[in-house]
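There are 2 protein chains.
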Amino acid sequence: VINAGKSQHNEDQACCEVVFVERRPSPRGRQPSGDGSGELDGGRKGFYFHYWALFDGHAGSGAAVMASKRLHLHICEQLRDLVDILQDPSPPPICLQHDARAGAAELSRAPLTEDNGEVPSDALPRFHLEKAVSHESLVIGAIENAFKHMDDQIEQERASQSISGGCCALAAVYLMGKFYVANAGDSRAIIIRNGEIIPMSREFTPETERQRLQFLAFLRPELLGKEFTHLEFPRRIQPKELGKKMLYRDQNMNGWAYKKIEEDDLKFPLIYGEGKKARVMATIGVTRGLGDHDLKVFSSNIHIKPFLSCFPEVRVYDLTQYEHCPDDVLVLGTDGLWDVTNDEEVASVVMEVLTSYEPNDPCRYTMVAQELVVRSRGVLKERGWRLPNDRLGSGDDISVFVIPLGGPGNYT
Amino acid sequence: VINAGKSQHNEDQACCEVVFVERRPSPRGRQPSGDGSGELDGGRKGFYFHYWALFDGHAGSGAAVMASKRLHLHICEQLRDLVDILQDPSPPPICLQHDARAGAAELSRAPLTEDNGEVPSDALPRFHLEKAVSHESLVIGAIENAFKHMDDQIEQERASQSISGGCCALAAVYLMGKFYVANAGDSRAIIIRNGEIIPMSREFTPETERQRLQFLAFLRPELLGKEFTHLEFPRRIQPKELGKKMLYRDQNMNGWAYKKIEEDDLKFPLIYGEGKKARVMATIGVTRGLGDHDLKVFSSNIHIKPFLSCFPEVRVYDLTQYEHCPDDVLVLGTDGLWDVTNDEEVASVVMEVLTSYEPNDPCRYTMVAQELVVRSRGVLKERGWRLPNDRLGSGDDISVFVIPLGGPGNYT
Numbered sequence: 184v185i186n187a188g189k190s191q192h193n194e195d196q197a198c199c200e201v202v203f204v205e206r207r208p209s210p211r212g213r214q215p216s217g218d219g220s221g222e223l224d225g226g227r228k229g230f231y232f233h234y235w236a237l238f239d240g241h242a243g244s245g246a247a248v249m250a251s252k253r254l255h256l257h258i259c260e261q262l263r264d265l266v267d268i269l270q271d272p273s274p275p276p277i278c279l280q281h282d283a284r285a286g287a288a289e290l291s292r293a294p295l296t297e298d299n300g301e302v303p304s305d306a307l308p309r310f311h312l313e314k315a316v317s318h319e320s321l322v323i324g325a326i327e328n329a330f331k332h333m334d335d336q337i338e339q340e341r342a343s344q345s346i347s348g349g350c351c352a353l354a355a356v357y358l359m360g361k362f363y364v365a366n367a368g369d370s371r372a373i374i375i376r377n378g379e380i381i382p383m384s385r386e387f388t389p390e391t392e393r394q395r396l397q398f399l400a401f402l403r404p405e406l407l408g409k410e411f412t413h414l415e416f417p418r419r420i421q422p423k424e425l426g427k428k429m430l431y432r433d434q435n436m437n438g439w440a441y442k443k444i445e446e447d448d449l450k451f452p453l454i455y456g457e458g459k460k461a462r463v464m465a466t467i468g469v470t471r472g473l474g475d476h477d478l479k480v481f482s483s484n485i486h487i488k489p490f491l492s493c494f495p496e497v498r499v500y501d502l503t504q505y506e507h508c509p510d511d512v513l514v515l516g517t518d519g520l521w522d523v524t525n526d527e528e529v530a531s532v533v534m535e536v537l538t539s540y541e542p543n544d545p546c547r548y549t550m551v552a553q554e555l556v557v558r559s560r561g562v563l564k565e566r567g568w569r570l571p572n573d574r575l576g577s578g579d580d581i582s583v584f585v586i587p588l589g590g591p592g593n594y595t
Numbered sequence: 184v185i186n187a188g189k190s191q192h193n194e195d196q197a198c199c200e201v202v203f204v205e206r207r208p209s210p211r212g213r214q215p216s217g218d219g220s221g222e223l224d225g226g227r228k229g230f231y232f233h234y235w236a237l238f239d240g241h242a243g244s245g246a247a248v249m250a251s252k253r254l255h256l257h258i259c260e261q262l263r264d265l266v267d268i269l270q271d272p273s274p275p276p277i278c279l280q281h282d283a284r285a286g287a288a289e290l291s292r293a294p295l296t297e298d299n300g301e302v303p304s305d306a307l308p309r310f311h312l313e314k315a316v317s318h319e320s321l322v323i324g325a326i327e328n329a330f331k332h333m334d335d336q337i338e339q340e341r342a343s344q345s346i347s348g349g350c351c352a353l354a355a356v357y358l359m360g361k362f363y364v365a366n367a368g369d370s371r372a373i374i375i376r377n378g379e380i381i382p383m384s385r386e387f388t389p390e391t392e393r394q395r396l397q398f399l400a401f402l403r404p405e406l407l408g409k410e411f412t413h414l415e416f417p418r419r420i421q422p423k424e425l426g427k428k429m430l431y432r433d434q435n436m437n438g439w440a441y442k443k444i445e446e447d448d449l450k451f452p453l454i455y456g457e458g459k460k461a462r463v464m465a466t467i468g469v470t471r472g473l474g475d476h477d478l479k480v481f482s483s484n485i486h487i488k489p490f491l492s493c494f495p496e497v498r499v500y501d502l503t504q505y506e507h508c509p510d511d512v513l514v515l516g517t518d519g520l521w522d523v524t525n526d527e528e529v530a531s532v533v534m535e536v537l538t539s540y541e542p543n544d545p546c547r548y549t550m551v552a553q554e555l556v557v558r559s560r561g562v563l564k565e566r567g568w569r570l571p572n573d574r575l576g577s578g579d580d581i582s583v584f585v586i587p588l589g590g591p592g593n594y595t
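Line order of the protein sequences matches chains A and B. To convert, count from 1 in the first sequence and add 183; that's the working numbering. To convert, count from 1 in the second sequence and add 183; that's the working numbering.
The following block holds chain A by itself, in its conformation from the complex (with noise of 0.2 Å):
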């Protein structure tokens, strides 16, 4: 990580840890009758994640500090009521036969019979219509309200607190074989294996969820607060170019097309603003993460947070389907990385500075992400931070974790 000088604190936050998710205690005290392969820690039951995470704040670093400090807890707390479901290799039960607080999946292995007395008789036709959830979907929802937790949390102590502006939000977590990357923000990650580049996040901004912005301002337009337009316009209308035809599109469109303007096309628009200048009303760049509560447009009472979503998109890369050998990783990284070095370029610097280590070496993934982070930041000239190719460097915090995949440190 490396502070751009923009602010005393560091905006970007990150945090990584191996967390134990212990089984909620039965509060009348029933042992499970599981098969032991949960028992660790003690006799604790539960099982552990890996947690890497990074947090690129705007408007203070109170967000990001909050959620660095915390995210992985509420994960944690989340998964605490699938500890047993999770370790049962039979599909989750739909429905749980008692408070989960009471160790429900337990009981809800028992055989569903008439006896079990919790059964009704036409039980089974309606069980046909059953539709399968696996227990890959129960952690991604565990990791979506995890991070809707953490930012209601962030609400309630902001004051108390003092924690000031919001966050973007990246974490990836490695449970049971598989990597859960979760991101809500402009921040990515991406694995290279073999070379060949993955894809483990979108970005979300201004851009990418233009249609999801205009079509909640086309729904609920007093959130508009009379000052903006759910239209989207190439650019400022004049006052003066009423009555004419200009390119416009709504939230159903992804071509332009030509209206007359009107009175009401004259407001500012919703979404204005081309690539990293691109704004939720005049203001935000990021349409995802979380803290911002208190986000309001400059000199006006009209709020940004209904616009904005705690939710991350959730990706899932199985580790056991392939055999990783030690240059595979998974890179995360914030905007700061990626808005001057592009995903091949990323991907030949993880090489090159790997293959100038031996294989079994473990600091080698650490060089990567000091060489992939110092490149970003550029060299001190007359003119500002310069790359080598003499285009600007980053002028943002930049935050780089480089994750082995198949190192010597492995997760079993």
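Hints may be right or wrong, so weigh each one.
For identical chains, the list gives no copy identity; a pair is met inside one copy or between any two copies.
[As the list claims (entries may be wrong)] Restricting the straight-line Cα-Cα distance to at most 30 Å, the calculated cross-link-like pairs of lysine-lysine (BS3-like) are:
{"#": "1", "residue 1": "Lys488", "residue 2": "Lys409"}
{"#": "2", "residue 1": "Lys423", "residue 2": "Lys443"}
{"#": "3", "residue 1": "Lys331", "residue 2": "Lys442"}
{"#": "4", "residue 1": "Lys460", "residue 2": "Lys314"}
{"#": "5", "residue 1": "Lys314", "residue 2": "Lys442"}
{"#": "6", "residue 1": "Lys189", "residue 2": "Lys459"}
{"#": "7", "residue 1": "Lys361", "residue 2": "Lys488"}
{"#": "8", "residue 1": "Lys314", "residue 2": "Lys423"}
{"#": "9", "residue 1": "Lys442", "residue 2": "Lys459"}
{"#": "10", "residue 1": "Lys442", "residue 2": "Lys189"}
Quick caveat, the hints were computed from the structure, so don't treat them as lab data. Since the model is a prediction, treat every value here as computed from it, not as a measurement.
Chain A is fixed; fit chain B onto it per the hints.
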């Protein structure tokens, strides 16, 4: 096309046309100063597009019949204002300096100087922030809006013309070297090029559009008429399960999590069922298309149209980027084809049939389409229509277009 026999009239309808888009005449009688490349058809200025479309009706053939007769005319109408703009290699004007009907594109080509009397002196900084809009995205916008106008026309004329039901619409427009494939519904288009399958559409169903529909229902709960819940559950909940924990997901989630069942969760889920049996409000299995303005939930006053979109997704394929051979084709098919014959099987039938004819025999493409329909229908046996592998044949109307991309009749 083949009628399944489930309705007297075929609910699948099709259209294939070459359409001339004539430049809208200038009301002031001014002639454009163009280079003449668009002077066609005895001095009329314009261009041609080639058009193929499939309409898969439901609850009657009315909407499908009407759309098959009119959609290309709506596309033509939308393109008429773009005749000059699309033939001008410079970027489309953002704002038309005069009313579009007055030959705007021509005028916009005049240099933007102070002398023009139209451009303000502060134009330069403003124009720095202009978003570039491509010719391609104007055609996409024209097709999108043509679908909307088609849907509006069905709404307006449904009473006087006794138009019943609705229809999925899949249209391929070949214009200036590019194929624009627009899909609203569960029909499908693929390109088979040198044996490789290139998807040219995706299906819009309650499952693929779950989050859009849940989001709308969450924001506009009154649309659910107190009968439905926007949450998804893997099966119906029994009243006696109140207070237990059950798997669910909402508009923000891709994964699943457990929630305590409340009174409101006993309502019927907005989206219910799996695969071909998935339905919106227990009624309809497609979420985009034309018509259905009067569709209601059975024995209720709850309208379904607000959840349906008439807007297509448009994908573009540039025919000039690749040298096509006579065996390269674009296949359009209604779900009657794709339900029983997957992409790979279609590709293999295409190869098999094409190689049994001379490459310059124009009827070879018709024979492929016929073979695809017949194979998907199957053979009548004791237990109904059966495929060679004894799976059930399609019980649906089946329509197929096989369009040569590099055959003897090309589109120049």
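Violations among the numbered hints, reported as their numbers in ascending order: 7 and 10
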